[in-house]
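Q: Protein chains in written order, with numbering that gives the first Met the number 0: chain A, 0 to 161; chain B, 0 to 358.
The reader is advised that the hints may include incorrect statements.
[To be verified] Here are the simulated SDA-like cross-link-like pairs (lysine to any residue), alpha carbons at most 20 Å apart as the crow flies:
{"no.": "1", "chain 1": "A", "residue 1": "46", "chain 2": "B", "residue 2": "246"}
{"no.": "2", "chain 1": "A", "residue 1": "66", "chain 2": "B", "residue 2": "37"}
{"no.": "3", "chain 1": "B", "residue 1": "50", "chain 2": "A", "residue 2": "66"}
{"no.": "4", "chain 1": "B", "residue 1": "46", "chain 2": "A", "residue 2": "98"}
{"no.": "5", "chain 1": "A", "residue 1": "66", "chain 2": "B", "residue 2": "12"}
{"no.": "6", "chain 1": "B", "residue 1": "46", "chain 2": "A", "residue 2": "36"}
{"no.": "7", "chain 1": "B", "residue 1": "50", "chain 2": "A", "residue 2": "96"}
{"no.": "8", "chain 1": "A", "residue 1": "66", "chain 2": "B", "residue 2": "8"}
{"no.": "9", "chain 1": "A", "residue 1": "66", "chain 2": "B", "residue 2": "312"}
{"no.": "10", "chain 1": "A", "residue 1": "46", "chain 2": "B", "residue 2": "8"}
{"no.": "11", "chain 1": "B", "residue 1": "46", "chain 2": "A", "residue 2": "46"}
{"no.": "12", "chain 1": "B", "residue 1": "46", "chain 2": "A", "residue 2": "99"}
{"no.": "13", "chain 1": "B", "residue 1": "46", "chain 2": "A", "residue 2": "66"}
{"no.": "14", "chain 1": "B", "residue 1": "46", "chain 2": "A", "residue 2": "87"}
{"no.": "15", "chain 1": "B", "residue 1": "50", "chain 2": "A", "residue 2": "46"}
{"no.": "16", "chain 1": "B", "residue 1": "46", "chain 2": "A", "residue 2": "59"}
{"no.": "17", "chain 1": "A", "residue 1": "66", "chain 2": "B", "residue 2": "58"}
{"no.": "18", "chain 1": "B", "residue 1": "312", "chain 2": "A", "residue 2": "72"}
{"no.": "19", "chain 1": "A", "residue 1": "66", "chain 2": "B", "residue 2": "38"}
{"no.": "20", "chain 1": "B", "residue 1": "50", "chain 2": "A", "residue 2": "93"}
{"no.": "21", "chain 1": "B", "residue 1": "46", "chain 2": "B", "residue 2": "58"}
It is worth saying that the hints were derived from the structure and are not from the lab.
What follows is the residue order along each chain.
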Amino acid sequence: MAYLQKSPWLIHYDASSCNGCDIEILACLTPMYDVERFGIINTGNPKHADIFVVTGSVNERNKYVIKNIYDQMPDPKVVVAVGVCATSGGVFRECYNVSGGVDMIIPVDVYVPGCAARPESIIDGIVKALGILEEKRTAAVMGVTREQPAPAAPAEKPAGGA
Amino acid sequence: MGKQITVPFGPQHPVLPEPIHLDLVLEDETVVDAIPSIGYVHRGLEKLVEKREYPEYIYVAERICGICSYIHSNTYAECIEQIMHIEIPERAQYLRTIWSEYSRLHSHLLWLGLFADGMGFESVFMNAWRLREHILDDMEATTGGRVIQGVCKVGGVRKDIAPEKLDEMLKGLKNLEHELHDLTDVFLNDASVIHRLKGAGVLKTEDAYYLGAVGPTARGSGVPIDIRQTGYAAYGKINFKPVVESSGDSYARCAVRAKELYTSIDIIEQCIKKIPEGPVDVKVTGAPDGEFFARAEQPRGEVVHYIKGNGKKNLVRHRVRTPTFTNIPPLVTLLKGCQLADVPIVVLSIDPCIGCAER
Chain A
0 MAYLQKSPWL IHYDASSCNG CDIEILACLT PMYDVERFGI INTGNPKHAD
50 IFVVTGSVNE RNKYVIKNIY DQMPDPKVVV AVGVCATSGG VFRECYNVSG
100 GVDMIIPVDV YVPGCAARPE SIIDGIVKAL GILEEKRTAA VMGVTREQPA
150 PAAPAEKPAG GA
Chain B
0 MGKQITVPFG PQHPVLPEPI HLDLVLEDET VVDAIPSIGY VHRGLEKLVE
50 KREYPEYIYV AERICGICSY IHSNTYAECI EQIMHIEIPE RAQYLRTIWS
100 EYSRLHSHLL WLGLFADGMG FESVFMNAWR LREHILDDME ATTGGRVIQG
150 VCKVGGVRKD IAPEKLDEML KGLKNLEHEL HDLTDVFLND ASVIHRLKGA
200 GVLKTEDAYY LGAVGPTARG SGVPIDIRQT GYAAYGKINF KPVVESSGDS
250 YARCAVRAKE LYTSIDIIEQ CIKKIPEGPV DVKVTGAPDG EFFARAEQPR
300 GEVVHYIKGN GKKNLVRHRV RTPTFTNIPP LVTLLKGCQL ADVPIVVLSI
350 DPCIGCAER
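Take the sequences, apply the hints, and build the full model.
A: Shown next as structure tokens:
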């Protein structure tokens, strides 16, 4: 991955994280780690984003939000699940309002371990995601459809609005 | 007067690192009502006490929130210790106080950064978070974790700090204090910050009192409540005064937090000078039988942990009342009458921590 076609922008959504991973993601953007020097910007708009960074686990209320953000992002896109909660539910796995990892709703490309995930491992995860993003982009240009990992259960919109 | 329209704010919004949803009812540009709806990050961790034994549940209690993590574990441990009549060593109490104040420093710097970012003051955001890394380095060196420490346990603390490290921390804080003056000077004296914050979202003293505001939100409105003054951990042996401002607007809440940075540094310095030698934990046997309310001052205000045990390893009930939850009614009052463009500033000014509030 020596060359990137464009500056990858990311969007971050806190599914039901404790904030630990969220503040570490923000710490990646600040002078100590400074991923902005690589052109990575944390944007608030899904339509501008290439990388979807999710922290925390899925529940009945937010799964529609996660799906909605994912659907609004333009192709090609990659999903990074940060922290054990986003991977499997983590320490909260047995809680009544935790359904499980983010891969129940959307296909996940990179899993970052840790509770809370350290900035170094988050950056490592994002760099891996950049490689996958480039692969997907090249594949799209060449007209090859890459096989998507299928989510376990489709999200349905709850009856009571957003 | 225009016709009323409703604008949704959140759950995914650029100024919010966390999801909260507000329905803002507007007349032209003025907010006339705000209807909060929460539940995006509810996990239901209080019920986990039935599945985890009380000494290991402290790790779950710590993960109520990743910002105030240490103070949650501290309050939980104190609750259990009070029920079981455990007297923890004095050195452990001092260490708990030091780490509590370190978490406050990291939380306030984090908030000042996010607040500056909310105002569009990108360089100050970066600078605040740069200084915060010094705090996190010391946290990591002494506890092993940056944001989730796992250092507090029922019956004391898990790690001791060597005297050389304490001296090093003291020197580090002196340097930090010097650098902090440049940072807080922006929040307290910069003309554009004052212009932006003065008069935005005013909470009157009596409203703050009756709506149950806590922490810097209450102190910014002239209500001098600071649970640290009840003297839990080693706070009873430390001299400090709560920072109180009277104007009740976003500027006052910001000033309270900026000035509290120095109070925290002062408390840590006093602790390091006074800390006695000795063990840092006692052996805990048996299980809690009874109930207790423990209160502590988090960076965002008063937190209450309630625990009920019946003599078994698993607790019967754990209930947490977090500062952000009590600060939501004052927030709704604050938002009424402010401009739509000021909403992000006003929401941030109570330092919302949704992870805590919904658990």
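Q: Against which earlier hints does the structure fall short, listed by number upward?
A: Structure breaks hints 1, 3, 6, 9, 11, 13, 15, 17 and 18.
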